[in-house]
Amino acid sequence: MLCNMIRSELIPMGELSAALDAMGHEDRLAALRSLSGSELARLYDRAVESEPITMEHFVPPDRPELSEVIHHGVNSLPLFRRFQKRFCRSTNLLGQRAIYGYNEGLTRPAVGPGYFVLHPTTGVEHWEPRGAVVIDYHLEPDGPLVCTWPEPRPNGDGLGHFVYHRTRDFMRRVSEHVSVGSAYKDEDKMGAYFALCRED
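Each residue of the sequence shown is one higher than the one before, starting from 3 at the first, in this note's numbering.
Hints listed in this document are in silico derivations from the structure and should not be mistaken for laboratory results. Virtual Cβ for every residue (Gly too), placed ideally from N, Cα, C. You may find that some hints are simply not true.
Claimed, not checked - Ranges between beta-carbon positions, derived for each pair: (1) 127 <-> 161: 28 to 36 Å; (2) 65 <-> 97: 14 to 22 Å; (3) 81 <-> 144: 32 to 40 Å; (4) 62 <-> 189: 14 to 22 Å; (5) 20 <-> 188: 19 to 27 Å; (6) 63 <-> 167: 30 to 38 Å; (7) 35 <-> 13: 33 to 41 Å; (8) 70 <-> 155: 25 to 33 Å; (9) 108 <-> 138: 21 to 29 Å; (10) 155 <-> 10: 24 to 32 Å; (11) 82 <-> 138: 18 to 26 Å; (12) 108 <-> 150: 28 to 36 Å; (13) 47 <-> 202: 38 to 46 Å.
Stated by the list, open to error - The list that follows gives simulated cross-link-like pairs (lysine to aspartate or glutamate, DMTMM-like), each with its CA atoms no further than 20 Å apart: (14) 187 <-> 130; (15) 191 <-> 144; (16) 187 <-> 153; (17) 191 <-> 67; (18) 191 <-> 127; (19) 191 <-> 64; (20) 191 <-> 130; (21) 187 <-> 138; (22) 187 <-> 17; (23) 187 <-> 159; (24) 191 <-> 106.
Can you build the whole structure from these sequences, using the hints too?
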């Protein structure tokens, strides 16, 4: 059903969002995992119609600091399509609130956790059309992390150099729990897409 809604020009984005909102978590996750790479790319393009995504989408305001929020992911790659991005709210070295995260999945032992900093794209003119929030691997957390999270390592080390180094994921809102992203290496679009579904 979801793939047909994504493909159809006659179904507005708001109707697609409402359909996802009406599902339970497991059904919503199953629907996203059924999408092909081309359907994820189409979903990202269609999500430009949605209201801008916020930082609170990734870590809702009622979550305590250093409380883990899991977003289940599916990507457009041919292998290892399932993964998680795990987020938390923290406080950086300047005493400012920040949102950090890392990647969890089968590939973590090989490529590393891929730590990142989440921040708005506001004020960077050529970023804003890509999405209102960016998952930024150019930046690494400079504040406390969830105690159960893996030890950070530089994103340029080992095989992580080919996955996370100099990468940014630009995010758009799909529904209350779902977001969609497009990956860039520096300023070059990589043609890789993924969707995230927040676990409440």
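Against the structure, the hints:
no.: 1; hint: 127 <-> 161: 28 to 36 Å; in the structure: holds (34 Å)
no.: 2; hint: 65 <-> 97: 14 to 22 Å; in the structure: holds (19 Å)
no.: 3; hint: 81 <-> 144: 32 to 40 Å; in the structure: holds (33 Å)
no.: 4; hint: 62 <-> 189: 14 to 22 Å; in the structure: violated (31 Å)
no.: 5; hint: 20 <-> 188: 19 to 27 Å; in the structure: violated (37 Å)
no.: 6; hint: 63 <-> 167: 30 to 38 Å; in the structure: holds (32 Å)
no.: 7; hint: 35 <-> 13: 33 to 41 Å; in the structure: violated (20 Å)
no.: 8; hint: 70 <-> 155: 25 to 33 Å; in the structure: violated (19 Å)
no.: 9; hint: 108 <-> 138: 21 to 29 Å; in the structure: holds (24 Å)
no.: 10; hint: 155 <-> 10: 24 to 32 Å; in the structure: violated (44 Å)
no.: 11; hint: 82 <-> 138: 18 to 26 Å; in the structure: holds (22 Å)
no.: 12; hint: 108 <-> 150: 28 to 36 Å; in the structure: violated (18 Å)
no.: 13; hint: 47 <-> 202: 38 to 46 Å; in the structure: violated (27 Å)
no.: 14; hint: 187 <-> 130; in the structure: holds (16 Å)
no.: 15; hint: 191 <-> 144; in the structure: violated (27 Å)
no.: 16; hint: 187 <-> 153; in the structure: violated (24 Å)
no.: 17; hint: 191 <-> 67; in the structure: violated (33 Å)
no.: 18; hint: 191 <-> 127; in the structure: holds (16 Å)
no.: 19; hint: 191 <-> 64; in the structure: violated (34 Å)
no.: 20; hint: 191 <-> 130; in the structure: holds (14 Å)
no.: 21; hint: 187 <-> 138; in the structure: holds (11 Å)
no.: 22; hint: 187 <-> 17; in the structure: violated (33 Å)
no.: 23; hint: 187 <-> 159; in the structure: holds (16 Å)
no.: 24; hint: 191 <-> 106; in the structure: violated (23 Å)
Comparing the model with each earlier hint shows violations of hints 4, 5, 7, 8, 10, 12, 13, 15, 16, 17, 19, 22 and 24; every other hint is respected.
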